[in-house]
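Engineer: Here's the letter readout for the chains.
Protein chains: 2
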Amino acid sequence: MNVNEIITEVSASLQRIGGIGQVFLVACGGSLVDMYPAKYFLESEAAALQVGMYTANEFVCATPKILGANSLVIVCSHGGDTPESVAAAKLARERRAVTVTLTHNDRAQLIEHADHNILYAWGNDTNVIDNPMAIILSLCVETLRQVEGFAGYQDFQQGLRQINGVIAAGRRQVAGRCADFARRFKDESLFYILSSGASYGHAYGFAICSLMEMQRVNASAIHSGEYFHGPFEVTDGETPFILMMNEGRTRVMDERALTFLEQYAGKVEVIDARELGIGALPPSVVEFFNPVLFYSIMCEYRAALADIRHHPLETRRYMGQVAY
Amino acid sequence: MNVNEIITEVSASLQRIGGIGQVFLVACGGSLVDMYPAKYFLESEAAALQVGMYTANEFVCATPKILGANSLVIVCSHGGDTPESVAAAKLARERRAVTVTLTHNDRAQLIEHADHNILYAWGNDTNVIDNPMAIILSLCVETLRQVEGFAGYQDFQQGLRQINGVIAAGRRQVAGRCADFARRFKDESLFYILSSGASYGHAYGFAICSLMEMQRVNASAIHSGEYFHGPFEVTDGETPFILMMNEGRTRVMDERALTFLEQYAGKVEVIDARELGIGALPPSVVEFFNPVLFYSIMCEYRAALADIRHHPLETRRYMGQVAY
Numbered sequence: 001m002n003v004n005e006i007i008t009e010v011s012a013s014l015q016r017i018g019g020i021g022q023v024f025l026v027a028c029g030g031s032l033v034d035m036y037p038a039k040y041f042l043e044s045e046a047a048a049l050q051v052g053m054y055t056a057n058e059f060v061c062a063t064p065k066i067l068g069a070n071s072l073v074i075v076c077s078h079g080g081d082t083p084e085s086v087a088a089a090k091l092a093r094e095r096r097a098v099t100v101t102l103t104h105n106d107r108a109q110l111i112e113h114a115d116h117n118i119l120y121a122w123g124n125d126t127n128v129i130d131n132p133m134a135i136i137l138s139l140c141v142e143t144l145r146q147v148e149g150f151a152g153y154q155d156f157q158q159g160l161r162q163i164n165g166v167i168a169a170g171r172r173q174v175a176g177r178c179a180d181f182a183r184r185f186k187d188e189s190l191f192y193i194l195s196s197g198a199s200y201g202h203a204y205g206f207a208i209c210s211l212m213e214m215q216r217v218n219a220s221a222i223h224s225g226e227y228f229h230g231p232f233e234v235t236d237g238e239t240p241f242i243l244m245m246n247e248g249r250t251r252v253m254d255e256r257a258l259t260f261l262e263q264y265a266g267k268v269e270v271i272d273a274r275e276l277g278i279g280a281l282p283p284s285v286v287e288f289f290n291p292v293l294f295y296s297i298m299c300e301y302r303a304a305l306a307d308i309r310h311h312p313l314e315t316r317r318y319m320g321q322v323a324y
Numbered sequence: 001m002n003v004n005e006i007i008t009e010v011s012a013s014l015q016r017i018g019g020i021g022q023v024f025l026v027a028c029g030g031s032l033v034d035m036y037p038a039k040y041f042l043e044s045e046a047a048a049l050q051v052g053m054y055t056a057n058e059f060v061c062a063t064p065k066i067l068g069a070n071s072l073v074i075v076c077s078h079g080g081d082t083p084e085s086v087a088a089a090k091l092a093r094e095r096r097a098v099t100v101t102l103t104h105n106d107r108a109q110l111i112e113h114a115d116h117n118i119l120y121a122w123g124n125d126t127n128v129i130d131n132p133m134a135i136i137l138s139l140c141v142e143t144l145r146q147v148e149g150f151a152g153y154q155d156f157q158q159g160l161r162q163i164n165g166v167i168a169a170g171r172r173q174v175a176g177r178c179a180d181f182a183r184r185f186k187d188e189s190l191f192y193i194l195s196s197g198a199s200y201g202h203a204y205g206f207a208i209c210s211l212m213e214m215q216r217v218n219a220s221a222i223h224s225g226e227y228f229h230g231p232f233e234v235t236d237g238e239t240p241f242i243l244m245m246n247e248g249r250t251r252v253m254d255e256r257a258l259t260f261l262e263q264y265a266g267k268v269e270v271i272d273a274r275e276l277g278i279g280a281l282p283p284s285v286v287e288f289f290n291p292v293l294f295y296s297i298m299c300e301y302r303a304a305l306a307d308i309r310h311h312p313l314e315t316r317r318y319m320g321q322v323a324y
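Residue numbers (UniProt numbering), protein chains in the order written: chain A, 1 to 324; chain B, 1 to 324.
Okay, chain A solo, but in the shape it has when bound:
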């Protein structure tokens, strides 16, 4: 079943008891990052429909009282066996919520606790609309449309048709920059990643997954709007900042950060969604697609960094290597 069919069936099954009242987005690490754009979308666009986003273990330890038969719980795990995520889906079912799971592993334990499971595509050669970030966003857009309507629905569908092409062109556009970035930043031990709006989650994701986990390099995400309320005091000539500039309503915050960084920071790398052509998407929904673009573009940056540092992206010293 596709996204539309899944949500249609979920809505129908809950019709008798008032339909979908809450959407819970539950996962860990990189998979949780893939849920942030959907959280941002619903917080911005929804009226009655509630949304909550949780790292799976917290969802299990401190379960929202409202979790129940009117809840749609979306759980994502790439390998599909992350214990906290499996436990979250199991708990959701026990509380009579409807679960939609996403995984890349068709034998995942997660699927045992799914009312609907989506086996997603993965890798640079896939269409990003078949990857978890876009699928989860689509699930929430479809849910909003069916629960209370969403005026930007057709524009969003057009965005889905356009984004992969924007990304393909963007990848070619940054190829040279990635190599240059890797040369300039290969010996850095700490990076700050800035962004805003729908992309803040990916600033966090690039920090904890691409740098901390995959490169064993210190990193921290800062919201472009929060930067001026404390964090900017560490800005200097030596500390590297990566700024992902959004197209859309929150761009003004990214631009303000850029102006400050250009004056006071010595090492800045800017990835600008507008310059990379995302403006081709409908204005009413373009902001929700910024992180989809950034994810693919930043994969090029991290690959170049991994290559020049001779630290393969798969290298781990703890994850899957020791007991924890």
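If you're looking for bench data, these hints aren't it; they were derived computationally from the structure.
Please note that the accuracy of each hint is not assured.
Said to hold, decoys possible - Taking lysine-lysine and the DSBU-like style, the derived pairs with C-alpha atoms no more than 30 Å apart in a straight line are: (1) K65/A <-> K65/B; (2) K90/B <-> K65/B; (3) K267/A <-> K186/B; (4) K267/A <-> K267/B.
The hints should help you fit chain B onto chain A, whose structure is shown.
Structural biologist: Then chain B, alone, in the frame of chain A:
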């Protein structure tokens, strides 16, 4: 008017149109940190009542569609003139929402956009229940009680009566540790701050305010539950970690992080709310008070660090010093 009277008046004024439907918590930096426990509380305990937390500039740039006459918008700014926060309160009023503002400055611009303003007490010699974190939490507890009821209400009131005493004893208990911490960590250039549940916001707050802003030291907050999904790969013998261990439902996540840190991290400072006596509070609400305790305790830690580093907590190079 006290918290109870304010919410009673707000509820009464919205009776005719269905009462309070959403609570928006809006501020910047340290004031936003003070709102996190209230966000965590409502996300955990509320059924129909919705909650959203926003850095003020994002609230203004990407205003939630639902913001309107049924919205209670709580805005906090210590100096009361933070442009983004003043703009957020102004916008909320324009959208016919009810605003409750908190500030320490009785001549603050913020007050011009307040339906109700709370002038709060500040400083080590004040009772923490008169400080913004506890006041904002109380406003949300009172709102939940009046909108849909809260079974733990009496326990929460008891917690408010007890927490200041727990903190006073805790301060004495850690005095020696703070001096020792400062000696051991005075030359560190990067700290990771871990916590979970209601205290995650304060892990972020200690990182961006106490360390980045007030000490010009690099720092990053990590959720204890997320630590194992990427961040822990940077754990080594040299990188300092500060773990704030909660009493209550999410403690299990903090304990798991502690077990790992004790085995693989060389530099760890643990602040344990249970050991500091917070268990004296009613079990049904104790978790919501962890960050109130941690805030006061961590003020002792940062003061010791500022002292030994000869870097006064008031020192700024950008904030209020340059244009941005």
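Engineer: Hint by hint, note whether the structure agrees.
Structural biologist: For each hint, the structure was consulted:
{"no.": "1", "hint": "K65/A <-> K65/B", "in the structure": "holds (25 Å)"}
{"no.": "2", "hint": "K90/B <-> K65/B", "in the structure": "holds (16 Å)"}
{"no.": "3", "hint": "K267/A <-> K186/B", "in the structure": "holds (26 Å)"}
{"no.": "4", "hint": "K267/A <-> K267/B", "in the structure": "holds (29 Å)"}
Checked against the numbered hints given earlier, the structure satisfies every one of them.
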